[in-house]
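Participant: Here is how the chains run, residue by residue.
There are 2 protein chains.
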Amino acid sequence: MVIDAKKLYEKIDEFMDKEVTLEGWIRNHRKQKEFGFIDFSDGTCFKHIQVVYDDKLSDFETIQKYHVGSAIKVIGKVVKSPKEGQPFEIQASGVILLGECPEDYPIQPKKHSREFLREVAHLRVRTNLFQAVFRVRSVASYAIHKYFQDRGYVYVQTPLLTANDGEGAGEMFQVTTMDLKNIPITKEGNVNFNDDFFSKKVGLTVTGQLEAEAFAMAYKKVYTFGPTFRAEDSNTKVHASEFWMIEPEIAFCDIDELMDIEEDMLKYIVKYVLENCKDEMEFLDKFVEKGLIEKLEKLVNSKFTRVTHEEVIKILKDAKVKFEFTPEYGEDIAKEHEKYITEYFNGPVFIKDWPKDIKAFYMKLNEDGKTVRGVDLEVPGAGELMGGSEREACYTKLKQRMDELGMKEEGLEWYLDLRKYGGCVHSGFGMGFERLLIYLTGVENIRDVIPFPRTPGNCEF
Amino acid sequence: MVIDAKKLYEKIDEFMDKEVTLEGWIRNHRKQKEFGFIDFSDGTCFKHIQVVYDDKLSDFETIQKYHVGSAIKVIGKVVKSPKEGQPFEIQASGVILLGECPEDYPIQPKKHSREFLREVAHLRVRTNLFQAVFRVRSVASYAIHKYFQDRGYVYVQTPLLTANDGEGAGEMFQVTTMDLKNIPITKEGNVNFNDDFFSKKVGLTVTGQLEAEAFAMAYKKVYTFGPTFRAEDSNTKVHASEFWMIEPEIAFCDIDELMDIEEDMLKYIVKYVLENCKDEMEFLDKFVEKGLIEKLEKLVNSKFTRVTHEEVIKILKDAKVKFEFTPEYGEDIAKEHEKYITEYFNGPVFIKDWPKDIKAFYMKLNEDGKTVRGVDLEVPGAGELMGGSEREACYTKLKQRMDELGMKEEGLEWYLDLRKYGGCVHSGFGMGFERLLIYLTGVENIRDVIPFPRTPGNCEF
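Line order of the protein sequences matches chains A and B.
Here the first sequence is numbered in my numbering, starting from 8 and rising by one per residue.
Here the second sequence is numbered in my numbering, starting from 8 and rising by one per residue.
No lab work stands behind these hints: they were computed from the structure.
Worth double-checking, as some hints may not be accurate.
Pairs involving identical chains hold if they fit within one copy or between any two copies, as the list cannot separate such chains.
Stated by the list, open to error - When the alpha-carbon atoms are kept at most 30 Å apart in a straight line, the in silico DSBU-like pairs for lysine-lysine are as follows:
id, residue 1, residue 2
1, K327, K188
2, K153, K302
3, K188, K207
4, K310, K377
Could you build the full structure based on these sequences and the hints that come with them?
Facilitator: Following this line, the structure appears as structure tokens:
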């Protein structure tokens, strides 16, 4: 029976001096006159296995010809390794070629630039860097589900196709089945969506929050975890056209309790990844971001500060620093300000009570009539990691705010209904999953934490 | 401190005779001259709580006016209930209105048709039926993640925006940011996608399998779990335009091992839901599908049969039954045939070795040159629940099949690369999550297992 490398590492005492069979790939291959050393990986764990074979094997010369990247089956004895830090190696009695790999294989055992690796995204996951990154992505995903499920939250898969126009959260992609060469036009000169698949204008959602609110009004605690889209033509390190979001929504929860949840959840995920991706995190700490583990451990043990937007502006104005952008009451803060503030408090900072004009229509208006109960979490080395708010629970105030902003009620009647029929204090937040992954892995570019990234002009694979 | 209903049920001994505070909604309200009875739910568990108040409360008359649907806070003592099968009730010392609900509230405590409830999908989740269905959906989602993560699979979030044209799996939605009123046309009379967001024709994916294969060639065991789209104009009980799929993909795994995994996974999920949604399943068994739990328990304890397509046709031809469609070698089977076969074997049946012409291009060709290593799982009462195959691992044969089918290599070079560079025997399957939910809940219409369903002409909320 074939055994996974992961299992072999976990139960090495049980397998020592026994014969095992492994199936996987050659990551590197060093050849000597009487010996050969195969750096073997089956992808089930980050660690590789050293396979040693010698010229006593009848097909020694054939084996020596196997190229890097080939799929092989290894039969051999598990023995103590003479190499330090390597608990065992395999003394092969057989190495069988399952799938060859020609010499033009792009993933050779040498350093490749990340730009080059993006062009071979279907193969880059065979490198140590991406093995680490995408396992962290998988484990962090699970940590998120586990956190919420263990606490009784209901996972709600909100729709991606939507007729809501995004409420200003971002540019939307249009979705249609009409023949682009023959778009029907009405007498008034508009697109006639009657003939389209949904008989109306439809796009890809920029948030699942509104639908999640409907579920929170029934289950009390819910969360979404799914893809979200932005059609913005921005080519930066932190923007992608398709990314994943986590959007928890909790009834009978105010902004203070929301911050408790945000802090608790983030610490849980970070701890879970540190505990369950030890090898991956050590690699990333060593080769991608020096001090990564220390940074994350510090976060887990820190107390998050809570300040108002007004306090933040005051601190920034008092700062003996020349900022590129002058901080102003009533205005948004810049990246440089975020950085200053997290350094000032030496840890993560919740900034709350934002000027209403720079925040979304659904945020609860404070008694001052000027600020809303929105809250952004600023994390050292990550910037804004989460954005949340207590939602406006009052039908009249919400309606008034929509009117002020010139928003149509049409299509959002159901959202207003949630305030009309047994509405209550409720809050929620959104976390961009890739922002979290950039923070967790130390990898700087969002294109390197998404399996097959989509950005303006780029939709390969 | 406010306590969740779920916690109260779980730790009732601890809370008996103590005062507690609850926050939730009035599901029903019976009034007597000196008493009032509130059927209370906070959505954290399926069970409701009976709240009793009497005219000793100074605001007795005010409380009696609270409508069904209102959000309330209840303060009261946990006492033994005189009602059979109800372990406790709350003797209220205070009932405070948090959010009122007018009498035109659509969800009154009476039977509503499912068609009507679809029109108020933002509120239907407050009914017992949908409380049960969507908690089962959440718990089943988690069971899927837990199954794969506990077994070392890597969760890969494959892209939804894709330039691949779906390989015949279904009609695709187009995605564009171009102005539909001014679509640029080339000299040759085609749409000029140069000006579009991705500078090419892009649509919403119908499968994540191809990308999952790339990850399986690096991690050995991977799975996807995410949304998928079909732009087919079919209005049936089992088709939706947006639905979720699970697509595991395993390297060094042949079709027989694949069937082992499919059987094991399905039994695990069913068992997990039976154990973790006891109240919900009892409700569904009683009010939606009589015998539901027995059906599911039978599945968990059954051995799945494995037969070839050829054997199936023979059995159908020999059957003393008049079918509407005549079963034929080399052809697909109809719903009535599926039903007959699962009854014939009295349990789930894997049908394998299908005629190549009715299956996808990527399935491994058998030695007979006529059939492929595809396998469908037919489940009594569910029909085809999973479809999978051993993939064609041979570069030459895959290329040849693509040529035969007139498929362009362009855009799929990377997929062919997976056979070129260390390819190996590998297999995978897809399971439509909503098909599973229909089977698990007994609810017949796919529109009732999706929070906000999208079907032709329907994109509300």
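Participant: The structure should be examined with respect to each hint, and the outcome stated for every one.
Facilitator: Okay, the hints, checked on the actual structure:
| no. | hint | verdict |
| --- | --- | --- |
| 1 | K327 with K188 | neither (60 Å within a copy, 54 Å between copies) |
| 2 | K153 with K302 | both (23 Å within a copy, 29 Å between copies) |
| 3 | K188 with K207 | both (18 Å within a copy, 15 Å between copies) |
| 4 | K310 with K377 | within (29 Å within a copy, 66 Å between copies) |
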